[in-house]
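> Residue numbers (the numbering used here), protein chains in the order written: chain A, 1 to 584; chain B, 1001 to 1194; chain C, 2001 to 2259.
Careful, some of the hints might be misleading.
Listed below are the simulated BS3-like cross-link pairs for lysine-lysine, each with C-alpha atoms no more than 25 Å apart in a straight line [stated by the list, open to error]:
{"id": "1", "chain 1": "B", "residue 1": "LYS1183", "chain 2": "C", "residue 2": "LYS2177"}
{"id": "2", "chain 1": "C", "residue 1": "LYS2177", "chain 2": "B", "residue 2": "LYS1194"}
{"id": "3", "chain 1": "A", "residue 1": "LYS2", "chain 2": "A", "residue 2": "LYS337"}
The set of hints was computed from the structure by calculation and includes no laboratory data.
Here the structure is a predicted model, which means the values were calculated and not measured.
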Amino acid sequence: MKTTRREIMMFAGGSAVGVLFTPAPWRLITDTALWSENWPGIPVPAPGETRIKYTNCSLCPAGCAVRARSVGDQPVALFGVPGHPLSHSALCPFGLAGHHLPYLPARLKQGPVNEATAAVAEGIAKCGPAEYVVTLDLRPARTASWTYRRAMAAVKNGRYVAPSAPNAAVAVDLAKARTVLSLGVPLLDGWGTPGNVIAARPGFRLIQADAVESRTASLADQWLRIRPGSEDALAQALAGATTHAAAADATGLAEAEIAALAAQLAQNGPVLVLGSSRLESTGRTIVARRETPVPEEWQKAAPVTDLASLPDGSVRVLLIDESAPGEYLPWQAIARKLAPDSPVVVTFATTREGYGRHAQYVLPAGIYPEVDGDIPPAIDSVAATFRLSTPLVAPPQGMVKPEEFVAAAAGLPVTDTLHERAAAIHKTGRGTLFTYADAKSVALKDVSAGDFWKALQAGGCWIDAPDDKAPAARLTTAATKPRPTEESDLPLTVVVGRELAPASPILSKLYQESNLRLAPNRVALHPSCGLLDGTQAVFETLLGKCPVGVTLDAGVPPGLVHVSVSPALLDLCADGARAKVVRA
Amino acid sequence: MTLRGTIPFLSGLAIALGAGWVAFPHVIYRSQPQPVNFSHKVHADKAGTKCEDCHSFRDDGTFAGLPTIDKCAGCHAAPMGTTVAEKNFIDRYVTPNRQPQWDSYARQPENVSFSHSVHVKRAGMTCASCHGDTGTSDTLRPYQVDRISGYSRDIWKIQTTEAGKPMSHGMKMADCVACHRQKGIEQSCLDCHK
Amino acid sequence: MISANKQIRAARYGMIIDVDRCNGCGACMVACAVENNVPPAHEGATDRKGLTWLRVYKVDNGEEYPNRQTAFIPVMCQHCDHETPCVHVCPQQAVELDPATGVVGEMPQRCLGCRYCMAACPYHARYFNWWDPAWPVGMEKTLNPGVTPRMRGVVEKCNMCHGRWHAAKEQAVAAGKPDTEPVDYLPACAEACPTGAIRFGDLNDPSSTPAKAATEPGSFRLLEKLGTEPKIYYRSKRDWVRAAADAPRPGAGKENPRG
Chain A
1 MKTTRREIMM
11 FAGGSAVGVL
21 FTPAPWRLIT
31 DTALWSENWP
41 GIPVPAPGET
51 RIKYTNCSLC
61 PAGCAVRARS
71 VGDQPVALFG
81 VPGHPLSHSA
91 LCPFGLAGHH
101 LPYLPARLKQ
111 GPVNEATAAV
121 AEGIAKCGPA
131 EYVVTLDLRP
141 ARTASWTYRR
151 AMAAVKNGRY
161 VAPSAPNAAV
171 AVDLAKARTV
181 LSLGVPLLDG
191 WGTPGNVIAA
201 RPGFRLIQAD
211 AVESRTASLA
221 DQWLRIRPGS
231 EDALAQALAG
241 ATTHAAAADA
251 TGLAEAEIAA
261 LAAQLAQNGP
271 VLVLGSSRLE
281 STGRTIVARR
291 ETPVPEEWQK
301 AAPVTDLASL
311 PDGSVRVLLI
321 DESAPGEYLP
331 WQAIARKLAP
341 DSPVVVTFAT
351 TREGYGRHAQ
361 YVLPAGIYPE
371 VDGDIPPAID
381 SVAATFRLST
391 PLVAPPQGMV
401 KPEEFVAAAA
411 GLPVTDTLHE
421 RAAAIHKTGR
431 GTLFTYADAK
441 SVALKDVSAG
451 DFWKALQAGG
461 CWIDAPDDKA
471 PAARLTTAAT
481 KPRPTEESDL
491 PLTVVVGREL
501 APASPILSKL
511 YQESNLRLAP
521 NRVALHPSCG
531 LLDGTQAVFE
541 TLLGKCPVGV
551 TLDAGVPPGL
561 VHVSVSPALL
571 DLCADGARAK
581 VVRA
Chain B
1001 MTLRGTIPFL
1011 SGLAIALGAG
1021 WVAFPHVIYR
1031 SQPQPVNFSH
1041 KVHADKAGTK
1051 CEDCHSFRDD
1061 GTFAGLPTID
1071 KCAGCHAAPM
1081 GTTVAEKNFI
1091 DRYVTPNRQP
1101 QWDSYARQPE
1111 NVSFSHSVHV
1121 KRAGMTCASC
1131 HGDTGTSDTL
1141 RPYQVDRISG
1151 YSRDIWKIQT
1161 TEAGKPMSHG
1171 MKMADCVACH
1181 RQKGIEQSCL
1191 DCHK
Chain C
2001 MISANKQIRA
2011 ARYGMIIDVD
2021 RCNGCGACMV
2031 ACAVENNVPP
2041 AHEGATDRKG
2051 LTWLRVYKVD
2061 NGEEYPNRQT
2071 AFIPVMCQHC
2081 DHETPCVHVC
2091 PQQAVELDPA
2101 TGVVGEMPQR
2111 CLGCRYCMAA
2121 CPYHARYFNW
2131 WDPAWPVGME
2141 KTLNPGVTPR
2151 MRGVVEKCNM
2161 CHGRWHAAKE
2171 QAVAAGKPDT
2181 EPVDYLPACA
2191 EACPTGAIRF
2201 GDLNDPSSTP
2211 AKAATEPGSF
2221 RLLEKLGTEP
2231 KIYYRSKRDW
2241 VRAAADAPRP
2251 GAGKENPRG
């Protein structure tokens, strides 16, 4: 018989009722819920065994001790080392996210190594009698720096330039100071070794002379709001070289304020002065520091040359090591020294944002925490130190070790220089070894050379014996220029602020997600500037333009622009330059 | 109801019940064998190993889970028996130092934080009470995975090797909660989730 | 539905934060993000749409130079003890106050993203995932396996580093400690703080730092007049800081009015 519609409906009805009594529909509902939990693109962290490794952070001259919690071989969290005599278990926000750096999107992964090697060899051969082969080292006093110096001694007309080298043998003793007069130096915001500054802070009164309400100014015991560039004028008056009236004129402070400041300094010594060479510190708060020992054979290395002493147009080959984050010299200062006809410029960098914008050959160097090297003593470490930045992860293929490249170009044999230096230190028998795993100090003479090397690699640092006879010394500080007074269509005066680079993208927590710090390539202006917070703008100086973001900050007086610099911005301006900021 | 209506209804009912109870499990699960034909029985009897010898606890209390190839290579660097399975294992995994891609019957979602230490060491539970008789089995049962959700069939009811018979419970949250309630150790969400 | 095992001594984990020591460095914020797999900001993120489980606010006394004073106040979930607002309003019961530890635990996997809890929280300490998390390629290898990454559309907040609580519990079992003692651990922010401004401990243990500090004069809590009984105590010698704590939101007036 023909199937009727009714029979089909009854069949369907029976199936529907039956299906409800089977696991099928209920399982499909659960499965859909479970399937929706496995959202594509959400990473699943890899499980594994937890291991603790130690190293020292090489992101800034402080070189704080680091305890890394790793899952298998991959570090997943970094912290300070409790009990460390210098860094006191402190690690700054940049160091806390250092393990992200190998995965920075902007990171250089390859470069023209063979072409650069050939070009450098050719350049060295072609070097004329009045021309030079220069290695520019932006973080001197490392073991790698000694390799550069030895290489430049081995090359005809080799010169070694390190702008901040004069201060490498000078130390600041915060513990001795009762008053600190900081003229624009960010003492509480990344200066020296943060853990050491924090530990010493209760012992001194901090007077911060700053043009804007910087973080240090807001935390200081007293903030003197001076005009940018008037630091030297204030220091000279306090030293007695000029009158208080002249200083009041230059700084914008009242004469009575300056007199009160002078009285304070006279009554509450010892006084440490940072930020100007015109006023001496007292009480041996700035002392000479013995250099960390080096092997005898290295003493035949090239001396440090001042960039300014090289004639313009005389550099045939320039090798720049910007792989260890350090100072950035504006490119104009360097460019004029280059030979006019096809000089060879090679830079060893981790991103293209520094000298990579100007150099012909940009070679990729390993980034923290992949690179083994050592960190020279910090400015606030009274004793010499030796600490290794032991790699926590292996660098990828294709990375160049700058010191090996330069040594090879100079015909110097490549040796384990870090081990040689450790051996030289051990021979002196001076100082103590602090090991991170157990937070214990032992005298160096009680440790064998082999154990010393192993301890340094596993996580430790050597600290020199205290030198009570160390003479007082001076820090070389660039002279500050007062703001030019003539009218100009660049109405703002630049105040430079720095952020550490390279930095993990997680630093956005402090930048755009909370406005706690000013991100690089951002400027802060007084709310009366007429721009809205967060605008994209163009920052312009006599030297060029650059896109920036604007943040409004009432702590920046009208007429000033607080620039959080990157290399691109440093090429355009320095402290005290004239600028303007207009909407993009 | 007329007879003409009842028959289609009952036949629909019967077919649906049959499809749901018999055909559906075949369809929803995909079955795949484990990469190595491993016999827990042989290792327990002949090598005298207990569960913790290979599925060990680390010093910090975490559970190492499935052993890595270096644990197997500790004994099986050279063939210890005469089976083809062992020879294949040595050729494919021990010699090239490659990890076998085991399919874990007990795999839980990412947001679950299960502590073996607490259950085995503090509560004194046996491995078999949650994992069934895998530890005494001669072969590894095939891994039956739900095609849509990606979890093993054991999550709903722990299968055993005795002709694929299931235990009375699975490894879903409801099973954990039932046991916790019974013992009076009700906990809060974040005790078991991360 | 939830009842505590009567044998376990209940803890009430809390903190004492010394505002006079905080130097606004932000190390705690970065350590928190690293520990809890919080992703870096999406392009569109501002301080209103960001994910900052712990956020340091800059507040000042309202004066101009030279009488201007500044302070930094770290604010995370205050783990309210009494009539916890977010627990009350959640339609999914995705938040609960754990009676054994005092931690207000958020279950992002259970959250449906209505954001009612964000409106209820008087401390603005809850954050919504407006976007799926995105780490640069390869950076997901650095994620912490003790904490699950969340997808978009759910709310998340500080849970006193419960991943570390789990790890510390397993270590306590390995060390043979009895299960009647609360777990002894340290959240990432307290461990990272270089000045020692953030101190963590069990408020039920009279010898712990927060418990002792809680009873001292000079200690205060944010918005105490609301009666939420938060477990995060603050301390400052400066009167204007204590006055700021009663303000509707720390740093009111310095907020970004856009975005």
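> All hints are to be evaluated individually against the structure, with a verdict given for each.
Outcome of the hint check:
1. Between B/LYS1183 and C/LYS2177 the CA atoms are separated by roughly 21 Å; this keeps the pair inside 25 Å, and the hint holds.
2. Proximity of C/LYS2177 to B/LYS1194 is assessed by CA-CA distance (about 23 Å); at most 25 Å being required, the pair is judged to hold.
3. For the hint linking A/LYS2 to A/LYS337, the alpha-carbon distance of about 102 Å lies beyond 25 Å, and the restraint is violated.
Of the hints listed earlier, the one the structure fails to meet is number 3.
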